[in-house]
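Those protein sequence lines, which keep their order, are chains U and V. Mapped onto our numbering, the consecutive letters of the first sequence carry residue numbers 34 to 305. Mapped onto our numbering, the consecutive letters of the second sequence carry residue numbers 2 to 122.
Simulated from the structure, these hints should not be mistaken for laboratory data. Glycine included, every Cβ here is placed at the ideal spot set by N, Cα and C.
Derived lysine to aspartate or glutamate pairs resembling EDC-like cross-links, with alpha carbons at most 20 Å apart: (1) V:Lys16 x V:Glu110; (2) V:Lys78 x V:Asp34; (3) U:Lys158 x U:Glu123; (4) V:Lys78 x V:Glu110; (5) V:Lys105 x U:Asp206; (6) U:Lys178 x U:Glu109; (7) V:Lys105 x U:Glu188; (8) V:Lys105 x U:Asp203; (9) U:Lys84 x U:Glu67; (10) V:Lys36 x V:Asp48; (11) U:Lys71 x U:Asp103; (12) V:Lys105 x U:Asp208.
Derived, one-sided and incomplete: chain V residues facing chain U with beta-carbon distance under 10 Å: (13) Phe81; (14) Glu101; (15) Asp108.
Below, each chain spelled out in residue letters.
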Amino acid sequence: MLTPRPAGAVAEFIALLEMRTGQQMGANRNWRVETALKPVMRDTGHETLEKLAAAIRADRSGPLADRVVDELLNQESSFFRDAAVFDIVEQAVSAIPDTRRPRIWSAGCSTGQEPLSLAMLFAEKLDHQMPEILATDVSESALNKARAGHYTQFEIQRGLPIRRMMQWFDSSDGDWIANPGLTRMVSFRRMNLVADSLPIGRFDVILCRNVLLYFSLDIRRAVLGRLAQVLRPDGVLVLGAGETVIGQTDAFRPSQRYRGLYEPNWAAAAAA
Amino acid sequence: MKTCLVVDDSKVIRKVARHILETLNFEVSEAADGKEALDSCMASVPDVILLDWNMPVMSGMDFLRALRDTALSSRPKVVFCTTENGMAYIRAAIEAGADEYVMKPFDRETLESKLQIVGLA
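Construct the entire structure; sequences and hints are all you get.
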């Protein structure tokens, strides 16, 4: 049973999360704070949230604060999540002339299932150039897991067809490790979508799924504007199943070519 | 309604699988071993079979080989669901004609995901 929540400490953790990542945690999600931080409290010997908050106050940029932020981020992900999206991305990439190498950015890649799914998908297509795949996330611990390609039995079974698992993963003490040839197809980098410098160059496809919903409308609009800056004029943006650009930004509009995807809104950009 | 035959000698596993499958709108039937399962398929071919490996009377692997050698009105999907989690077992199951493989223990998300992969959820 959960102990009563000290509102002051919870508020401090939520403020730390927003300061570090731009992500907000609604009042109805406050219960998640204590649940998410229980392992940190256990590992570090801080018996209460108040004591943990006090330790963080003493060192806001230290490893303890990093760990707290990581635990508060929602890192849920799965292989080939919303499988139809991968078919559309494949279509969009296949339409790119062979004269240049396609570029894909998985923005907010969490523990790596999305970019590794893309890598498997395109590595198996022998008739097209392998795209360059950049994967970024604000959480260094999530990226470490992604780089290692190390997944539990539950994680590996979510969305990954068994034949692909056999082809690309090996078992190790009950867990599953990606073949280094797979993880090498993806460049993993830590990046805060709100504040850090944007990647150099432009992308053909940007996937930013189930990330923007954690931002306020103002931050969401700003991030969409930043994504538009690095998307090719003929590129496409992929959002999560429940997300849209409509009412959020003028930088994008629904794609004329690919159902459910978005393209840069050059009419709005020209008028601005 | 889609149909699923759950083949497992454990009553508990059959009960858990039935509960999950019914929430996914499957009509569920059960068999406690491969022989019972084969008889069930001869009477009525399900859309998908959730199949344990180690069972008395007839193992999951013997059932699968017999099933794939039998002329039926349709080809049911077969999803192995077993504690045999080594790569050699998985490879053998796929070579024998399994469509997917669930490593026990499993939960609702795992099962739903595997049924989606075989086009049934």
